[in-house]
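Please work from the sequences and hints to get the whole structure.
Number 156 in the working numbering belongs to position 126 of the sequence shown; there are no gaps in the numbering.
To be clear, the hints were calculated from the coordinates, so they are not data collected in a lab. Treat the hints with caution; some may be incorrect.
Said to hold, decoys possible - No farther apart than 25 angstroms at their CA atoms in a straight line, the calculated lysine to aspartate or glutamate pairs in the DMTMM-like style are these:
1) 202 with 225
2) 88 with 127
3) 88 with 57
4) 88 with 98
5) 161 with 127
6) 161 with 181
7) 156 with 98
8) 202 with 186
9) 202 with 153
10) 161 with 193
11) 161 with 225
12) 161 with 144
13) 88 with 181
14) 88 with 153
15) 156 with 130
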Amino acid sequence: MNESQVVARLDTASKRYGGVLALDRVDLVVRRGEVLAMLGPNGAGKTTAISLLLGLLKTDTGRATLFDAAPQALASRRRIGAMLQTAGVPETLHVGELVELFRSYYPRPRTVADIVELAGIGDLLKRRYGKLSGGQQRRAQFALALAGNPEILFLDEPTTGLDIDARETLWKTIRTLLGEGCAVVLTTHYLEEAEALATRVAVLARGRIVAAGSVQEIRARVAQRQIRCVSALVAGEIAQWPQVRSATRNGERIEIVTDAAEAVVRQLLATDAALTELEVRRAGLAEAFVEITREAA
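Here's what the structure looks like:
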């Protein structure tokens, strides 16, 4: 590993809340120019991991570092941006005033024009923050996270409450930041979001990382396949075949989930000689996530 590319790290980090072990000896590395998506069910430890990297919490054992220093260090904090699930933002200020305020906290902030364009908040600048809808406030929070021109950006469920256009703007901006060498740590319940953006994925369950790797590597851990075809066969009958998990009809197509794709394909072709448009694909990240977390439980 090229250590010069590492911007954040957890080394055997553990954190306990009373009798609950929220994070259990977790090792995690974040590198420049990548999106690390942390996935897991509620209570898996994702927000705790981010809080440790941000210096909002301290590890009980192990350590967290930002730019090879303590996350609480001012020099470290001036190089990051964060959009968390809760935000302590002065509600009486206009969004434009908030942008200027947050820019003043950093030695080399982005220009206001850059922030407005990247976050798509041109329509919000003269609006009072406290009068915005939930989705508009999330857009403003994203703008504030960009204000300091961060080298690493922490996004904790960033698209919750956003409409489709705002979500697409955020995705586009993340890709722009990656091209500039920024690192992004993302937690999301929208697995299609992780699949679209992530360079690497870490799946957490019960405070431990139970799977890590590229999206393709995570998907490859699951034997499950999806078969689609145009057929007159009855989906309910296919669902009863050995090694078929489910079979449903969607218009003229039948969609089948199985752990034994070759055997099911052979049976399909033998049963329906008129079958057409046969497709077989590996399980998506969503299916892999469900399988991995089920195994971990």
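Hints, verified against the model:
Between the alpha carbons of residue 202 and residue 225 the distance comes to roughly 14 angstroms, so the proposed pair stays at or under 25 angstroms and holds. Annotation: proposed proximity of residue 88 to residue 127 is violated, straight-line Cα distance about 32 angstroms (limit 25 angstroms). About 15 angstroms separates the Cα atoms of residue 88 and residue 57, which keeps this hinted pair within 25 angstroms; it holds. For the given pair, residue 88 sits about 16 angstroms from residue 98 by alpha-carbon distance, which is consistent with the 25 angstroms threshold.
A hinted pair counts as satisfied when its Cα atoms are at most 25 angstroms apart, and residue 161 with residue 127 qualifies at roughly 14 angstroms. Of the supplied pair hints, the one linking residue 161 and residue 181 is violated, its CA atoms being roughly 31 angstroms apart against a limit of 25 angstroms. Between residue 156 and residue 98, the direct Cα distance comes to roughly 39 angstroms. Violation of the 25 angstroms bound is thereby established for this hinted pair. About 17 angstroms separates the Cα atoms of residue 202 and residue 186, which keeps this hinted pair within 25 angstroms; it holds.
For the hint linking residue 202 to residue 153, the alpha-carbon distance of about 18 angstroms falls within 25 angstroms, and the restraint holds. For the hint linking residue 161 to residue 193, the alpha-carbon distance of about 18 angstroms falls within 25 angstroms, and the restraint holds. A threshold of 25 angstroms between alpha carbons decides the hint, and for residue 161 with residue 225 the separation of about 34 angstroms lies outside it, so the pair is violated. At most 25 angstroms may separate the alpha-carbon atoms for a hinted pair to count; residue 161 and residue 144 meet this at roughly 24 angstroms.
Proposed proximity of residue 88 and residue 181 is supported: the alpha carbons are some 22 angstroms apart, at most 25 angstroms. The straight-line distance between the Cα atoms of residue 88 and residue 153 is roughly 39 angstroms, outside the 25 angstroms bound, and the hint therefore fails. Between residue 156 and residue 130 the alpha-carbon distance is near 12 angstroms, which keeps this suggested pair within the 25 angstroms criterion.
The earlier numbered hints that this structure contradicts are 2, 6, 7, 11 and 14.
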